[in-house]
Amino acid sequence: MPRWNYVGMLNLSIVLEDSARETPDRTAVVFGDLRLPYSFVDSVACQVANLLVSRGIGKGDRVAIACPNLPYFPFVYFGILKSGATVVPLNVLLQSREIAYHLADSEAKALFCFEGTPELPLGERGRAGFDESSAEHFFVLPATPLATESPYGESLWAALDGLPTTFESARTAPDDTAVILYTSGTTGQPKGAELSHQNMLVNAMISDEMYPRQPHDVYLGALPLFHSFGQTVIMNAGFRRRATLVLMPRFEPVEALRLMNAEGVTLFAGVPTMYWALLTTLHGGGSETPTALATAIAGGSALPVEVLKDFEKTFNVPIMEGYGLSETSPVASFNQLGKVAKPGSIGTPVWGVEMKLIDSDWGTVDDVGEIAIRGHNVMKGYYNRPEATGEVMRDGWFRTGDVARRDEDGYYFIIDRAKDMIIRGGFNVYPREVEEVLMTHEAVSLAAVVGVPHDSHGEEVKAYIIRTAGVSVTEEELIAWSREAMAAYKYPRIVEFRDELPMTATGKILKRELR
Numbered sequence: 005m006p007r008w009n010y011v012g013m014l015n016l017s018i019v020l021e022d023s024a025r026e027t028p029d030r031t032a033v034v035f036g037d038l039r040l041p042y043s044f045v046d047s048v049a050c051q052v053a054n055l056l057v058s059r060g061i062g063k064g065d066r067v068a069i070a071c072p073n074l075p076y077f078p079f080v081y082f083g084i085l086k087s088g089a090t091v092v093p094l095n096v097l098l099q100s101r102e103i104a105y106h107l108a109d110s111e112a113k114a115l116f117c118f119e120g121t122p123e124l125p126l127g128e129r130g131r132a133g134f135d136e137s138s139a140e141h142f143f144v145l146p147a148t149p150l151a152t153e154s155p156y157g158e159s160l161w162a163a164l165d166g167l168p169t170t171f172e173s174a175r176t177a178p179d180d181t182a183v184i185l186y187t188s189g190t191t192g193q194p195k196g197a198e199l200s201h202q203n204m205l206v207n208a209m210i211s212d213e214m215y216p217r218q219p220h221d222v223y224l225g226a227l228p229l230f231h232s233f234g235q236t237v238i239m240n241a242g243f244r245r246r247a248t249l250v251l252m253p254r255f256e257p258v259e260a261l262r263l264m265n266a267e268g269v270t271l272f273a274g275v276p277t278m279y280w281a282l283l284t285t286l287h288g289g290g291s292e293t294p295t296a297l298a299t300a301i302a303g304g305s306a307l308p309v310e311v312l313k314d315f316e317k318t319f320n321v322p323i324m325e326g327y328g329l330s331e332t333s334p335v336a337s338f339n340q341l342g343k344v345a346k347p348g349s350i351g352t353p354v355w356g357v358e359m360k361l362i363d364s365d366w367g368t369v370d371d372v373g374e375i376a377i378r379g380h381n382v383m384k385g386y387y388n389r390p391e392a393t394g395e396v397m398r399d400g401w402f403r404t405g406d407v408a409r410r411d412e413d414g415y416y417f418i419i420d421r422a423k424d425m426i427i428r429g430g431f432n433v434y435p436r437e438v439e440e441v442l443m444t445h446e447a448v449s450l451a452a453v454v455g456v457p458h459d460s461h462g463e464e465v466k467a468y469i470i471r472t473a474g475v476s477v478t479e480e481e482l483i484a485w486s487r488e489a490m491a492a493y494k495y496p497r498i499v500e501f502r503d504e505l506p507m508t509a510t511g512k513i514l515k516r517e518l519r
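Using this note's numbering, read the sequence shown as starting at 5 and increasing by one per residue.
Everything labelled a hint here was simulated from the structure, so no lab data went into it.
The structure presented is a predicted model; accordingly, all values stated were derived computationally and were not measured.
Each statement offered as a hint is correct.
Derived lysine-lysine pairs resembling DSBU-like cross-links, with alpha carbons at most 35 Å apart:
#1 Lys423 - Lys515
#2 Lys515 - Lys317
#3 Lys346 - Lys423
#4 Lys384 - Lys63
#5 Lys360 - Lys384
#6 Lys346 - Lys360
#7 Lys515 - Lys346
#8 Lys343 - Lys512
#9 Lys317 - Lys512
#10 Lys346 - Lys313
#11 Lys360 - Lys512
#12 Lys423 - Lys317
#13 Lys343 - Lys384
#14 Lys343 - Lys515
Pair by pair, the computed Cβ-Cβ distance ranges are:
#15 Ala489 - Thr27: 52 to 62 Å
#16 Glu500 - Val369: 28 to 38 Å
#17 Val309 - Asn432: 18 to 28 Å
#18 Asn320 - Gly288: 12 to 22 Å
#19 Gly60 - Val309: 45 to 55 Å
#20 Pro149 - Glu259: 11 to 21 Å
#21 Thr152 - Ala422: 47 to 57 Å
#22 Glu446 - Arg254: 26 to 36 Å
#23 Glu500 - Glu128: 26 to 36 Å
#24 Thr27 - Arg101: 41 to 51 Å
No residue lacks a Cβ here, since even glycine has one placed at the ideal position from N, Cα and C.
Put together the whole structure using the sequences plus the hints.
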């Protein structure tokens, strides 16, 4: 399918500019005691654009940002877009050599880096990574508000001093690259998905239209903004709605619940482990259930049905579950307004997007297969990686690596990541199916299932378990229970109890570490 090709200008920065023009005094960002109106956020973004242009950076260039959920992120993100350059958001947990890799791979000309804290020494890592790269400019986002000096380099505030607070956004075309989002790199080196202004803007607009509206929406920004989920669903869609974003640099369930109550949060979006953590905290006592919350959105990975049921009962708010990837801007399907929501389903394709199931040779299948996606949300390709792009894209279709089934109503149900599938004695075992069953046991609070090497079976099924507080179960008891609840080739023969599980910055369980 040919990509849309409009004559004229389209710049993702419009989601901020339009709201700043129409509701200049409305609070755009809340962080601690700060209440920043839309006009202020847009003014600082204009200064950032003027800074970049003054340093010879503009359309066709790449600019990286390494920053947690702080007001700096929208300042810099939209400033880069206004200048016509491409935003390259970096995971704040990257080490210096990884930062150097991302800067080199994206051919970034500049890096905006948060100075960091003792717990998150990002400035030190960022400076070291920058020094190893060929990037030309390093701007420090100071930990102390408005600080004009930093031991790591030029402070943002010093660089912005005296620059105009207005800027005419660069004339970018719909198919120009707005953002390069790096995949997690579970196989090989991370690859940068090139997403156009059209990709990102249409996805933000569709996301905004899919959520119920309140008189004044307040979004909790707990998802990292450097990740596609938080970027599109919270920041871009939120700014388009003229909502207020309450920023959390790091998700912590007690603080999240406090902010929901204190700020009157109406919309929360999170990955499954965030929902699990909120429920665990509430059931443990000491926190109040938010009263203003009206919309809950889940994505990032499959939400266990038991967690969904518990949340909806506890919060009295339905969860709208969706699906997407960095390569799809990210939203591809959703349990949409006006349609029946099916627990455990990722819903149906959003407007303008097609989905189908395919086999390893790209042939269409009807029962169980890998999800392929085509539409306005699909990336242009992996930056400077034509071979890698060719492996996952064909005739406009993008193959996701996620295995699913589709019911008679057209709803999709994720079975598992293709690469996570366990082959035990010739039988295919999908970890998510085993996890769903395990989490129906009263002693299982959270489960992660992986395959481990086995001499005769090839792989064996192993379950990592976080136990429910106050409920005991032994390894032998849980295995015996599983034997009765699952087919003989599926149930875990090995169980290991943990107090916590390794997770990414976005809250996904790191199964490759468990393996």
